[in-house]
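Undergrad: For reference, the chains in residue letters:
4 protein chains.
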Amino acid sequence: MEPFTPADRNFEHRVRASFARQGIMRHIGARMAEVGPGHCEIHLPYGEHVSQQHGFFHGGIVAAIADSAAGYAAFSLMPVGAGVLSVEFKINLVKPADGALLIARGRVFRPGRTLTVAQAEVFVMNGGQERLCALMQQTLMTITGRADVVG
Amino acid sequence: MEPFTPADRNFEHRVRASFARQGIMRHIGARMAEVGPGHCEIHLPYGEHVSQQHGFFHGGIVAAIADSAAGYAAFSLMPVGAGVLSVEFKINLVKPADGALLIARGRVFRPGRTLTVAQAEVFVMNGGQERLCALMQQTLMTITGRADVVG
Amino acid sequence: MEPFTPADRNFEHRVRASFARQGIMRHIGARMAEVGPGHCEIHLPYGEHVSQQHGFFHGGIVAAIADSAAGYAAFSLMPVGAGVLSVEFKINLVKPADGALLIARGRVFRPGRTLTVAQAEVFVMNGGQERLCALMQQTLMTITGRADVVG
Amino acid sequence: MEPFTPADRNFEHRVRASFARQGIMRHIGARMAEVGPGHCEIHLPYGEHVSQQHGFFHGGIVAAIADSAAGYAAFSLMPVGAGVLSVEFKINLVKPADGALLIARGRVFRPGRTLTVAQAEVFVMNGGQERLCALMQQTLMTITGRADVVG
Numbered sequence: 597m598e599p600f601t602p603a604d605r606n607f608e609h610r611v612r613a614s615f616a617r618q619g620i621m622r623h624i625g626a627r628m629a630e631v632g633p634g635h636c637e638i639h640l641p642y643g644e645h646v647s648q649q650h651g652f653f654h655g656g657i658v659a660a661i662a663d664s665a666a667g668y669a670a671f672s673l674m675p676v677g678a679g680v681l682s683v684e685f686k687i688n689l690v691k692p693a694d695g696a697l698l699i700a701r702g703r704v705f706r707p708g709r710t711l712t713v714a715q716a717e718v719f720v721m722n723g724g725q726e727r728l729c730a731l732m733q734q735t736l737m738t739i740t741g742r743a744d745v746v747g
Numbered sequence: 597m598e599p600f601t602p603a604d605r606n607f608e609h610r611v612r613a614s615f616a617r618q619g620i621m622r623h624i625g626a627r628m629a630e631v632g633p634g635h636c637e638i639h640l641p642y643g644e645h646v647s648q649q650h651g652f653f654h655g656g657i658v659a660a661i662a663d664s665a666a667g668y669a670a671f672s673l674m675p676v677g678a679g680v681l682s683v684e685f686k687i688n689l690v691k692p693a694d695g696a697l698l699i700a701r702g703r704v705f706r707p708g709r710t711l712t713v714a715q716a717e718v719f720v721m722n723g724g725q726e727r728l729c730a731l732m733q734q735t736l737m738t739i740t741g742r743a744d745v746v747g
Numbered sequence: 597m598e599p600f601t602p603a604d605r606n607f608e609h610r611v612r613a614s615f616a617r618q619g620i621m622r623h624i625g626a627r628m629a630e631v632g633p634g635h636c637e638i639h640l641p642y643g644e645h646v647s648q649q650h651g652f653f654h655g656g657i658v659a660a661i662a663d664s665a666a667g668y669a670a671f672s673l674m675p676v677g678a679g680v681l682s683v684e685f686k687i688n689l690v691k692p693a694d695g696a697l698l699i700a701r702g703r704v705f706r707p708g709r710t711l712t713v714a715q716a717e718v719f720v721m722n723g724g725q726e727r728l729c730a731l732m733q734q735t736l737m738t739i740t741g742r743a744d745v746v747g
Numbered sequence: 597m598e599p600f601t602p603a604d605r606n607f608e609h610r611v612r613a614s615f616a617r618q619g620i621m622r623h624i625g626a627r628m629a630e631v632g633p634g635h636c637e638i639h640l641p642y643g644e645h646v647s648q649q650h651g652f653f654h655g656g657i658v659a660a661i662a663d664s665a666a667g668y669a670a671f672s673l674m675p676v677g678a679g680v681l682s683v684e685f686k687i688n689l690v691k692p693a694d695g696a697l698l699i700a701r702g703r704v705f706r707p708g709r710t711l712t713v714a715q716a717e718v719f720v721m722n723g724g725q726e727r728l729c730a731l732m733q734q735t736l737m738t739i740t741g742r743a744d745v746v747g
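Residue numbers (the numbering used here), protein chains in the order written: chain A, 597 to 747; chain B, 597 to 747; chain C, 597 to 747; chain D, 597 to 747.
The shape of chain A in the complex, shown without the other chains (with noise of 0.2 Å):
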């Protein structure tokens, strides 16, 4: 991972307060395992209430988690009072999210003055092992004049 310096040396607050002011995030039990320059990750322990009908995390879930994972890793390198909105992505769910944690690891691949494109992995943690479930490549826009609208 190439390493990059954040435009606010305070980003962690800011990226952190911006995560808490979710109510999807709080609702489904979704926390912020992780935040630097660049990077972020979302862990979400599994329960009925973001399950599909097997029993598995719904891969819509396993989408909002790798959105906001990248999205904040994007969101970590933007200057105070910038916002950072999610212009598209694209997820391939490549194996069932069958296990008891998600994780989602978002990071920047390529940050610029208006688009960043981001990268998020999709992990679920079934017996102690990490299990790779999804890939997502994501664009983002840096909006200038109205904070923090990540989601």
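Honestly, the hints are just simulated from the structure, not real lab data. Please note: incorrect hints may appear among the correct ones.
Any copy, or any two copies together, can satisfy a pair, since identical chains are not distinguished.
Below are the SDA-like pairs computed for lysine to any residue, each with C-alpha atoms no more than 25 Å apart in a straight line [unchecked claim]:
#1 K691 / H609
#2 K691 / G619
#3 K691 / L728
#4 K691 / E717
#5 K691 / R703
Since chain A is already given, all that's left is putting chains B, C and D on it; use the hints.
TA: Okay, now just chains B, C and D, sitting in the frame of chain A:
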């Protein structure tokens, strides 16, 4: 929209039963408003529990609803005993989903024996008007020998 | 298709002049069959020089033609002096492109001040019949201060 | 990069023979610089015949080269007698491809019995330096009973 002939005349029962088993859809309050051969509509009323930090529907939830609507549109055309897997999707979030009700309309673009391509448009109802907020393109796989694996 | 109002009444001249400067389109024998406000159609006759190993049109060429058709559909709505950049696209190759003529129809799905979402459908003419072979969804950016940057 | 074990020890001959039959690759002057188990590198020298209107490599050609590099990376792992089909891909064009040589590096992200997920990064060589210009994520299908259908 092209008219499609379902392989199973009782597809509606099968589709609705599968949807009813998705814990996440119940948990967030989504309901299947309509299902026909090759199309499906899912509604989600707004609540703080599906929000991002500005009080709009979270982009990940927009994606989850679009994924389900297009996935069940594809599932409606599949034979008894088959399951459907969301292989991958790509979504453009074109407008903030700011409103009281989210409406995802999925439709099959091209059915196939192994792979199906589907689309979804997502609208948000605001002041009695529908506004487009997202466009999705999705690849699905028919699974035989393992029933109803949407999501 | 929604009717769009172009910002520049003379958009057709501007679009065709830009297309004419694309060396690759000349080199493979593609021509712009039609352009209107928010839509564009590009044709490519078959030849061994655009083939893959089974004698069909190469998937990469299908993508290149779709990218240009949707990109010029977007460019048709932009003001004088603006350029358009293809930020990203996603394409499903739904059928082998086996035929005498490739036809890409691009259209704007949602125009925006900075970002535009466009789509293209690609058909192959075989025995007098058009067959759908690809579906594309694309994000474009309007560039001001640098003209006609499609492709 | 994960090390992969090819199903066919003579994969290189099979991959190169298939590439050699692609008319478009010959026509534009692309060559397969390297192929190994699960990875492949394709080079394309610049010429006016692969340009867009500003004298850079055309975005559609960047996509075509990326599609081939990732497709042949996937094909390298497949058994004798199998073919590979590019089901869909998504590409971000992160920088204008301005330079003398285009280099696409494809690699398998996750091989599967039916579906494989691959990625490609594309670089442009300019003044002796490689600059990243595109990132692609792709889904491929293994076809049995019909050999070498890449592209």
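Undergrad: As a check of your reading, is K691 near G619 (CA-CA no more than 25 Å) within one copy, between copies, both or neither?
TA: between (28 Å within a copy, 19 Å between copies)
Undergrad: For the identical chains here, do K691 and R703 meet the 25 Å Cα criterion within one copy, between copies, both, or neither?
TA: both (21 Å within a copy, 19 Å between copies)
Undergrad: Checking an output row: K691 and L728, CA cutoff 25 Å. Within, between, both or neither?
TA: within (7 Å within a copy, 30 Å between copies)
Undergrad: Within a copy, between copies, both or neither: which one fits K691 and H609 at a CA-CA cutoff of 25 Å?
TA: neither (34 Å within a copy, 27 Å between copies)
Undergrad: Can you give me the call for K691 and E717, within, between, both or neither, at a CA distance of at most 25 Å?
TA: For K691 and E717, the Cα distance is within 25 Å both inside one copy (12 Å) and across copies (24 Å).
When the structure is compared with the earlier hints, a violation turns up for hint 1 alone.
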